[in-house]
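Enquirer: What follows is the residue order along each chain.
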Amino acid sequence: MCEFCIEHGQGTKWYLQTKNYAEELLNEERKRWITDFYEKFEEDSTNNLAILDKLVPPDLATAKAGRSPLLEQMKEQHFGQVVPLEDVEKILDLTTSITRVPCACRSALHGIYDDRFCYNVAIFKSNFWPTGVFEQWPDYSKGIEILTIEEAKKEFQKLDRNGLVHSVWTYGTPFIGAICNCGPRDCIAFRMMERGQRPFFKAEYVAAIDLEQCNGCRDCIKICPFGAITYSPALQKCIINQMQCFGCGACRAVCTLEAITLLDRNAIPVLAKEW
Amino acid sequence: MVQIEWDDKKCTSPRDCHKCLDACPGGVLMTYPRDGRKPGKVAQDWAIMPVFMTLCTGCKICAEICPQNAITVNVAE
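If you're matching them up, the sequences are chains A and B in order.
Heads up: the first sequence begins at 1 in our numbering, then just goes up one per residue.
Heads up: the second sequence begins at 1001 in our numbering, then just goes up one per residue.
Looking at chain B on its own, in the form it has when it is part of the complex:
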């Protein structure tokens, strides 16, 4: 059983960085704007969300590549 935790306080601009999204071999992570889209405005406040957890092997590449150390991967035995 693997759990991925994403710390929104450490990860301030997932949309510009997206290193974790690119690096994940399983394509487990996705991103979406938490406050939605507002008419006339570029969407803000993007979040990283672990979606395809069935494809997560617990390899921790996402945690290692994150420049802000915002991702924690917990692998339970």
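Just chain A, with the same shape it has in the complex:
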């Protein structure tokens, strides 16, 4: 179990606990923080990445060991976890509203402001996500869509087949407000990893290949966003480096032979410590 499962999930998956989506958590402080977050997203992420870029030893070494003021702050405020499709669907089944908004990371990194990859999910009655936050920021509200659970599930299935990594994100931990769909070059969190900073946990799962089934086509290698799969010319099979696997399930989605499954990370002693 990841740290958040222990702290916020009583030893079960924290992102399947409705209390972590509860409106009671959405106090004035959190509302203000969320509004600021969207107001200054590009500015703050640009500044933060520029700071990470300037880190020199020994600060860089400390940062790479997973300790930095920025990461500590993010753990309190805006932290994520990779969640495979089946668990995304479980979350969606719990929701009372699903709002799709333009991705702020793609805005900052690519100058693209109408790519809607962020799904704000609510398990409460008020319309905080569709209107409360975004109505004052037309950059986001122009592109907002409200989806039904069934529509959202269909979209996530498409995203899954395209190799996007789904992840839940807190807005003042442990309050979960969104499910993102990311690619390595399109996501601030992924880009932080290029300087050893990872503001999200791996999934509660890890991928495994049935070598009997694998025909060595390498489609999984092409799609893996974490570079965790290699090809063995000797075996003519694809091999997953499970220490490097984040359990997102992108490889599974593209494997036409259904040779890849996701295993429970917590059932594998060494991997159960890899977050």
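For the record, the hints were derived by calculation from the structure and aren't laboratory data.
Worth double-checking, as some hints may not be accurate.
Straight-line distance between alpha carbons at most 25 Å, and here's what the computed PhoX-like set of lysine-lysine pairs gives [said to hold, decoys possible]:
1. B/1041 / A/158
2. A/142 / B/1038
3. A/13 / A/125
4. A/222 / A/154
5. B/1019 / A/142
6. A/40 / A/54
7. B/1038 / A/40
8. A/125 / A/90
9. A/31 / B/1038
10. A/40 / B/1060
11. A/142 / B/1009
12. B/1041 / A/31
Bear in mind the structure is a predicted one, so any value in this text is a computation, not a measurement.
Fit chain B to the supplied structure of chain A, relying on the hints for placement.
Expert: Just chain B now, kept in the frame of chain A:
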């Protein structure tokens, strides 16, 4: 040592163009609104900022692709 200079007088609409952001192999550049977001308004005055200079190889693709010649890449020996 590589330095990237962005001329805001020549680059008038980075947000609509974003050719340099797309072309950079290292993903060195980012964009943000210099005056911030104002309530009820679409953010204006976007700037191009070199962020990941440790990933910059000095290849100058950003300078070559810029339709306004707004980017200068200086590579010091």
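Enquirer: Each hint needs a verdict: does it hold in this structure or not?
Expert: Quick rundown of the hints versus the structure:
no.	hint	verdict
1	B/1041 / A/158	33 Å, violated
2	A/142 / B/1038	15 Å, holds
3	A/13 / A/125	23 Å, holds
4	A/222 / A/154	23 Å, holds
5	B/1019 / A/142	23 Å, holds
6	A/40 / A/54	21 Å, holds
7	B/1038 / A/40	10 Å, holds
8	A/125 / A/90	19 Å, holds
9	A/31 / B/1038	17 Å, holds
10	A/40 / B/1060	30 Å, violated
11	A/142 / B/1009	29 Å, violated
12	B/1041 / A/31	20 Å, holds
Checked against the numbered hints given earlier, this structure breaks hints 1, 10, 11; the rest are met.
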